[in-house]
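Work the whole structure out from these sequences, hints included.
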Amino acid sequence: MKLSELAVNRPVTILMLVSIVVLLGAISLSRLSVDLYPDIKLPVAGVITTYGGAGPLEIEDQVTQPIEEILGTINNVKQIRSITRPGASVVIVEFNWGTNMDFATLQMREKVDLIKKYLPDEIETPMVIKMDPSMMPVLQMGISGGRDLAELQRLVEDDFKSRLERIDGVAQVAITGGLTREIKVLVDPIKLQSYGLSISQVAAILRSDNFNLSSGEVTDAKKQLFVRSLGQFQSIDEIKNLVISLPQGGQVFLRDIATVVDGYKDVTQLTRMNGQPSIGLHILKQSDANTVKVVEAVKREIDQIKREHPNQNIQINFVFDQSDYIKQSISTVERHAVVGAILAVVVLYLFLRNLRSTFIVALAIPLSIISTFILMYFAGLTLNLLSMGGLALGIGRMVDDAIVVLENIYRHRQQGYSLYEAARLGSAEVGNAVMASTFTTIAVFFPIVFVEGFSAILFKQLAMTVSFAIFSSLIVALTIVPMLASKSLTIETIPPGEARGFLQKANIWWGDKLEQLNQRYRVWLAWALEHRRRVIVITVVLLVVSVALTPFIGAEFLPAMDSGEISIEVQMPKGTVLAETNKVAEQIEGILKSVPEVKTVFVSVGPDGSQMISTGASQPDIARLQVMLTKKSERKRTDIAVADDIRQKVALIPGAEIKVSAVDPKTAGMPSSTPINIAIKGDDLDVLKDLAEQIAAIARQVEGTREIKTSLSEGQPEVQVIVNRQKASLYGITAAQVANTVQTAIEGQVATRYRSGGDEIDIRVRLADNARQSLQNLRDLTVASPMGMSVPLSELARLDLATGPNVINRESQVRVVNVTGYISGRDLNSIMKDIRARVDQLNLPPGYSVEYSGENKEMRESFSSLTLALLLAIILVYMVMAIQYESLVHPFVIMFSMPTAVIGIVLGLLLTGRAFSVPAFIGVIMLAGIVVSNAIVLVDYINTVRQRGVERNQAILEAGPVRLRPILMTALTTILAMLPLAFGFGEGGESQAPMATVVIGGLTVSTAITLVLVPVVYTIFDDLGLRIKNRLKRRLTGMPSVAQ
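Last residue of the sequence shown: 1047 in this note's numbering, with the numbers rising by one and none dropped.
Quick caveat, the hints were computed from the structure, so don't treat them as lab data.
Computed from a prediction, not measured in an experiment: that's the story for all the values here.
Glycine residues also receive a C-beta, built at the ideal position from the N, C-alpha and C atoms.
Hints should not be assumed to be uniformly reliable.
What the hints assert, rightly or not - Beta-carbon label-pair distances, calculated as ranges:
(1) 289 - 886: 42 to 48 Å
(2) 125 - 763: 18 to 24 Å
(3) 289 - 602: 24 to 30 Å
(4) 1011 - 816: 25 to 31 Å
(5) 331 - 267: 36 to 42 Å
(6) 267 - 849: 52 to 58 Å
(7) 121 - 602: 48 to 54 Å
Quick look at the structure:
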């Protein structure tokens, strides 16, 4: 018994099954996690090593290279990159897609542990971390108020941080800005020298005198007593009064040679929120946590903390809230889906002209969506921009099967069949056709599962969601539609003279127009069958013209999305102090006040690394401003337009390199996320610098580029202490002792910690501020020898002024300089073609090479993978149809509808001004399954009519008009359902717009041409088959050929 017949015979069973589906769907929907994008597991991990006080060259040689070499022995490594900057080394390992990152990071830790003993003793323990988009904050806020920043800092660290990190789903709470308590021991170098002491000795004495030690047990009067030696400092005065034994005999108090200050650590970072000094709080979630729920829980806890401190006058301003953008984006897709569904239902009514019929078909939409939620839940998918976009894209296709089934049942009713017989026979007659069209559509998404890369991660959930929705709609079409039709489908026949009211008259008028369209189509079809060569030639010419127009479309990786966030990065000349950088940041803040779209501004002067990686090394010559705009619906300009306006205004500020860019949520924090990224590889930094400057100049001359810069920026001014080992050995002093003394004197050394009220406070020893103001102070610094002498640094080393590299980048264990930049007004592919053509004319020295990475590389790799997926999809579509028809010829005829979609694709992208991107490519793959659906329905019915004994051309002229209405209905419902998505309105709407544009354009043109082309191709192959049969028959029997 067929499924449709079972549904007609068992209506109560079907009703109960529908009730179960609705219940499970509601439960599944409530448990689906909500996020902006699918959980992205990047095959990337890093090793972060902090080496305070060391320069990039030393760190590269002593830390970066050894780590790179040992990590290169791990399996499945695709590429190793590193960034070495003052005080820090970051080695990034990119693995092949599909690598188990838990095991990979375990291997990395083991390898790093193997060489740890060969690394400098002064480094902090290297940290191995997985690079994950969840390392980007989901919530950022600026906290101000309280009596002062130090008190606010304690409140944030002791209360906010500890409580927020206990929330389920929160991975880390990072704090920026504020003041941290520190006890400074500022040593007077003159007094130090007069007593024959060195600064290293002072630090060692502080360390050795601050301890508590368990000393064992003693028994006294039958009691067992624990013995503890207590030597920890109990007060600041105790530190001041620490007794220091002199080398020549005698004693001196610490206060006699140093000033002990209970103050704060040197300010290396300033943070402000809307001009007010603030502390930044950044919430990072666990990778599998629900972003919306995590942010809501954090906000509830923050409100509770504020209520517990009513007298603190705490003010909290949210800088960035990803949950808001997620909710707005999902809401946008939902609105588009609802509007699309309404448009589809209107089309249904216009063609069916029957409310009951319209209701039966329209019911397929909610039932299919509810069923999809169940499948999504059990498949482990989430509600995100792409999965919801898949649902919205599938809405028009959800009613296609129901339309074909109901239209055929309706036709049987018009022929006089009873409700039961019409439902049974009508659904059975087209059951195979709708199954074939559905499985061909699903088949095109199957190869996406095997595509690798960033685009595969993004669009795999979309493919699965669309497949679930279409499969669900097939089940609905073969069960619910026949069951309801067998109970309630009526035929409303109103004679023209008896029409009453506007609606009935309009109904009759529209019916007449549809009938006229049928007749005209029959005439066009008859003409096409008589002029087959003309039809083929016209189609080929249109196709050739469309292909010739493709260079005018352009290509990009992913369409830009308006997140309402703008990033401003200020780069001052190297060596600029924090205060000067802060002045420029304040100027920019003043300019931003005149931009009406600006809502909040969060400033960080002297950040310690990028947004994803904190190296712990402050950068006083850098400032970052995070600008949040008002909602997209509340402003007239896009974030890119606002960024362009700000860029022009801040360009007038002298002495600073200022980069202004709109933040794209899909690539924020991703490696190589700049559109233009050209890597120049070689060994000599000077040669690399020259080549990079030449290529940067070339890139700046190409139309559409902006903010082109090189990674090997201006060098960092430095003083190089070059130890004379021969002289130092005469005093028994090593180069390491000299370096340690210089580091302690200038940067200071945390000798020990002072415990107060449960807090541990660093005690830092260094020279007094007035003794660190000049090179002469540095030359006068004394180093203690084992013989008890204090030797001036000028006797042991030479001090040279030089300029060292600020950042050293390496790739595949070779030095590399990157030329990076952004695009404006042109597509990425066209810009990169122009740059490549000019760079290829350069004569590179031996051993140096140029590679193109960034978004351009991602785009090329994604297009390559998706091309393979498209070819596999076409093959699978052919195989499904061959199985369905048990024929190798008919599927080939049907697939002639595919190339015609190219005409609509090119036309759609040209008219909308959109570039061809990964979403557009996904739309092309979708079209491979969608466009054949119309041809399947048409060819299937032609075969059915011919099986009744009707002559071929007559069968085509009979089947074409009969199938015209369902073909137009399915095409128009799909097109109109996607129309809201194609406009790209609302937050996140840009991501689905190219996909919808491609599907609408391709399906529109393909449907129009298919109605004529497929019957023509059908006759051509039928004639070819007859000729082959006749030839075979003549050869085998010698009989004359059979006339057609």
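A quick look at each hint next to the structure:
1. For residue 289 and residue 886, the Cβ-Cβ distance of about 45 Å falls inside the hinted range of 42 to 48 Å, so the restraint holds.
2. A beta carbon spacing of about 21 Å between residue 125 and residue 763 agrees with the range 18 to 24 Å that was offered as a hint.
3. Restraint check, residue 289 to residue 602: a C-beta distance of roughly 29 Å satisfies the suggested window 24 to 30 Å.
4. Roughly 57 Å separates the CB atoms of residue 1011 and residue 816, a value that falls outside the hinted 25 to 31 Å.
5. Our hint of 36 to 42 Å for residue 331 and residue 267 holds, since their Cβ atoms are close to 41 Å apart.
6. Separated by about 54 Å at the C-beta atoms, residue 267 and residue 849 satisfy the suggested range of 52 to 58 Å.
7. One distance hint, 48 to 54 Å for the beta-carbon pair residue 121 and residue 602, holds here, with the actual separation near 52 Å.
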